[in-house]
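Novice: Go ahead and model the full structure; you've got the sequences and the hints to work with.
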Amino acid sequence: MDIRFNKRKERFDRNFKRVSNKTLEVLKENDLEYHMGYFYSCLENLFVHQSLDSFSGKPIIGTFCAMVPDELILACGGQPVKLCGGNYIAQIAGDEKAPRDSCPVVKSTVGSFEMKLLPVYEECQLAIVPTSCDGKKKMAELIAKYVPTVLLHIPALKDEEKFNDITGMFYGLIEEIEKRTGQKLTKSSLKKAIKLTTSINKEVYILNNYKKMTPSVISGSHAMAVVNAYQYADREVYLDEIKKLNKHLKGKLKQKEFIKKSPKRILMTGSPMVFPNLKMPLILEELGAIVVADETCAGDRMLADPINYRENSLDAMVKGIAMKSILPCSCPTFAYNNDRLFRLKQMVADFDVDGIVYNVLRGCLPYDFEVRNVEKLSEELGIPVIRVETDYNTEDTEQIKIRLEAFTEMLRMK
Amino acid sequence: MTKLGGKIRWAIMISAFILLVYGGRFFTLTNNIALPVFNCPYNLDAVIEGSCLYITEWSDYLTSSNILADLGKLFLMYGATAIGILLFGKLWCGYVCPFGLIQEVLYKIRNFFGLRTITLTQKHKDYLKVIKYGLLVMFVVGLGFCEICPVRFVIPPLNGIATRIEVGIISSILVLGIALFSERFFCRICPLGAFIGLFHKITPWRIKKNCTSCTSCGICYEVCPMDIKEIYTEREKEDVTDSDCIFCNKCIENCPEKEALSLSFGPHKIYKSSRKKYYKNNL
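Protein chains in written order, with the working numbering: chain A, 1 to 414; chain B, 1 to 283.
Some hints could be false.
[As the list claims (entries may be wrong)] Cut-off 16 Å, straight-line C-alpha distance, at most; resulting in silico cross-link-like pairs (EDC-like, lysine to aspartate or glutamate):
| # | chain 1 | residue 1 | chain 2 | residue 2 |
| --- | --- | --- | --- | --- |
| 1 | B | K123 | A | E161 |
| 2 | A | K116 | A | E10 |
| 3 | A | K345 | B | E236 |
| 4 | B | K108 | A | E311 |
| 5 | B | K229 | A | E10 |
| 6 | B | K125 | A | E161 |
| 7 | B | K229 | A | E161 |
| 8 | B | K208 | B | E234 |
| 9 | A | K138 | A | D95 |
[What the hints assert, rightly or not] Taking CB as the label site, the calculated pair distances span:
| # | chain 1 | residue 1 | chain 2 | residue 2 | range |
| --- | --- | --- | --- | --- | --- |
| 10 | B | K123 | A | D13 | 54 to 64 Å |
| 11 | B | A11 | A | D53 | 45 to 55 Å |
| 12 | A | D159 | B | K108 | 28 to 38 Å |
By construction, these hints were calculated from the structure, which means they are not laboratory data.
Here the structure is a predicted model, which is why all the values come from computation and not from measurement.
Heads up, the beta-carbon is just placed ideally off N, CA and C, and yes, glycines get one too.
Specialist: Structure below.
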C-alpha cells in the first residue's frame, strides 16, 4: 500500500513539475527583455524546485481567495501564501476526494493536500478560507483533515451597517494567526504591514498604467505572472523587485521598445487563473491579441483596491482592512454584484478594450451565472464577448485556439 | 486651481480663524459685514462678524424704531449673509468657520494620541437630527439661542474676553468633550449649518460622483465626518450633494478612483479624486 502510494506520489510529483515548468518555459520564451528574473524564480522555486527558500523561514499561513487580508498575517510576522491550486496534475489527484462537478480550483487544492505535492501544503501552519462560494466552504471541511483551518465569514450581502460585527470577526482571525506565528500584532506592526501592501498596490497600479498604453510595453500574460508571483513571494523583496521592473519598463517606454504594433486588446475576466494555468492569456497572445486588462481574482482584483483607515488607532485599521476585503470586492459570490459590471465598464473605457474573454472553469457556477449580465453589458457597450468553458486540462487547447482565433479574427474585421 | 483640497483648505481655515478671531487687533473695518459662520459677536476683536447673532435676534434689528437710519448697516449685514449663503452654501463650514477649525484641531489631538472614537449608530443619528432641527427652530424664531450656544464660551475666551458664567458653559464643555471623540460633532447639530443647508439646492458648489468608476469601497462614507451614506450608495445620479455636507472634501481626498468624486462649481470640476492623489495623501 505504502509503496503504491509512494510510486503514485512520485508520478504526480514529476508531472506536477512538468506542468509548472511548461508554463514558465512559454513565458520565458516570449519574454521581450522584461527583466522578470525574480518573478520567474519566485514561481520556479515554489512550483518546480519545491523549495521554501523565498520565505526566509517565516511561519507560513495559507490563504484563499482575494478576501483574506495579507496585512494581518504580515503584521503577526507570518508569510501569507495563496493555496488556491492551479495545477492540472493536482486536479487529477483531487478527483477522488472532491465531487465530480466541483471546480478545478477546489480539486487541485484538495489534491495538493492529499498527495503532499508541494512543501507549502505540508509546512503551512494555518489555512484561512473565506466563505465565498460553496466550493470553498466545503473545501474547508475537506482540507481540515490535513491542516488547521479557520473560516473567515464573508457575508452574502455587502451591508455596511453591520460592519462593526464583521470587524469583530477579523479580531478573531488575528487571534488565530497570533497563536500560530507566536508573535503579537501591534499597532505599529499593522501600520507597517499596511504601508507595505499599499506600496505594492501602488506599484501594481503603475504596472497597470503601462498596460493601459497603446502600444503597450508589457504583455498581459507576463504582467499576470508578475501579479501571480505576489502570492508566493516575500513581500518586502517583491516590493523592491516590482519597483525595479517598473523602472525598467519606464526605460523601455522612453526608447520606444513596444510590443506588437496594433494588436487587438482583450479584457480577461471570469474564474480565477492561478499559476500555472495561464492557458487562456498565452493562447490569446499566441494568436496576436494582447491581454491588457485582467479582472480575475488571482490577478489584478487582488491588488486593485487600497486600504484606507480613517484614524490612527488599531480599531480603525482593522475596520479599514475589513472594509477593503469585502466592500470593493467584485466576487460573484455576493448576492447582488452590480459592482462588477460597473468595474468592467470602467475597465473597458480605461484600457481601451476591443473584446472581452470570459473564462469559466468547469464547475464554477457563480461566474457562469454572471455571464448573462456581462453579455448584456457588452451589448450595451458594443464590445463582443466570448464565453470559454474549460478546466486545467490542456487537451482542449486546440479547440479553444480555434474558437479564440475566430474571435480575434472577428475583432480584426470589425 | 486643481488642488483645492488638503493643505489649501487648512491654510484657508487657519487664516480665516486668525482674521475672524484676532483680526480686530491688527486693523478695523469701518463698515462691518457679517458672514454666515459661527464667529461669536461677543468677541469684540472680530474684524468680520459672524451673522449668527443677527439671524437669531432678527427681531431686535429688523423691528427697531430707527430701522431707516441703520438701513445701510443692516443691508451690509443681512445682504452679505444672504449672498454668502447663496453663493458658497456650506463651503463656509468646511473652509471658514472658526468653530469648525477648533473641532478639527481637537480631532487631530485625539488622533495623535490614538484614542478610540465613538461610533454613532443610526439611532443616535436620528436623535441628533431631531435636536438639530429643534435648535434650528429655536435659532430662527429667536428664543435666545445665545444663552445655550457653546461657541459663546469658546471663541471670546480664546481672545481673552471673559464671559459671564452661565448655563451655556455646560453645553460648550459637553459639545467640546464629545467633539474630541467624534469628529466635528457640533456640525451635526449646528443650527446655522442647518439653516444654510435649507438653501443647499441652489448653491453652485456641488459634490459630483462618477458612478461608473466608483467601486463602492466605502472609503468616502468611512471618512465622512457627517456620515453621509448617499455618497457611497448612489449608483445613478451624478449630483450627490447632501444638505448635511460641510464640504470638508475628505471624501475626495481619500477616494482612490479616477474622478469618481469631484468638487464642482457649476459645470467646472475644480477638485477631482485620483489614485495619484490618494497615494500622495495616504502613503
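Novice: State for each hint whether it applies.
Specialist: The hints, checked one at a time:
1. B:K123 x A:E161: OK: B:K123 and A:E161 at ~12 Å, within 16 Å.
2. A:K116 x A:E10: holds, 11 Å
3. A:K345 x B:E236: holds, 14 Å
4. B:K108 x A:E311: Roughly 9 Å between the alpha carbons, so the hint for B:K108 and A:E311 holds.
5. B:K229 x A:E10: Violated, because 57 Å separates the two Cα atoms, which is more than 16 Å.
6. B:K125 x A:E161: holds, 13 Å
7. B:K229 x A:E161: At roughly 10 Å apart (the allowed maximum being 16 Å), A:E161 and B:K229 satisfy the hint.
8. B:K208 x B:E234: holds, 11 Å
9. A:K138 x A:D95: holds, 15 Å
10. B:K123 x A:D13: 54 to 64 Å: At 60 Å between Cβs, range holds.
11. B:A11 x A:D53: 45 to 55 Å: holds, 52 Å
12. A:D159 x B:K108: 28 to 38 Å: Hint holds: Cβ distance 31 Å, inside 28 to 38 Å.
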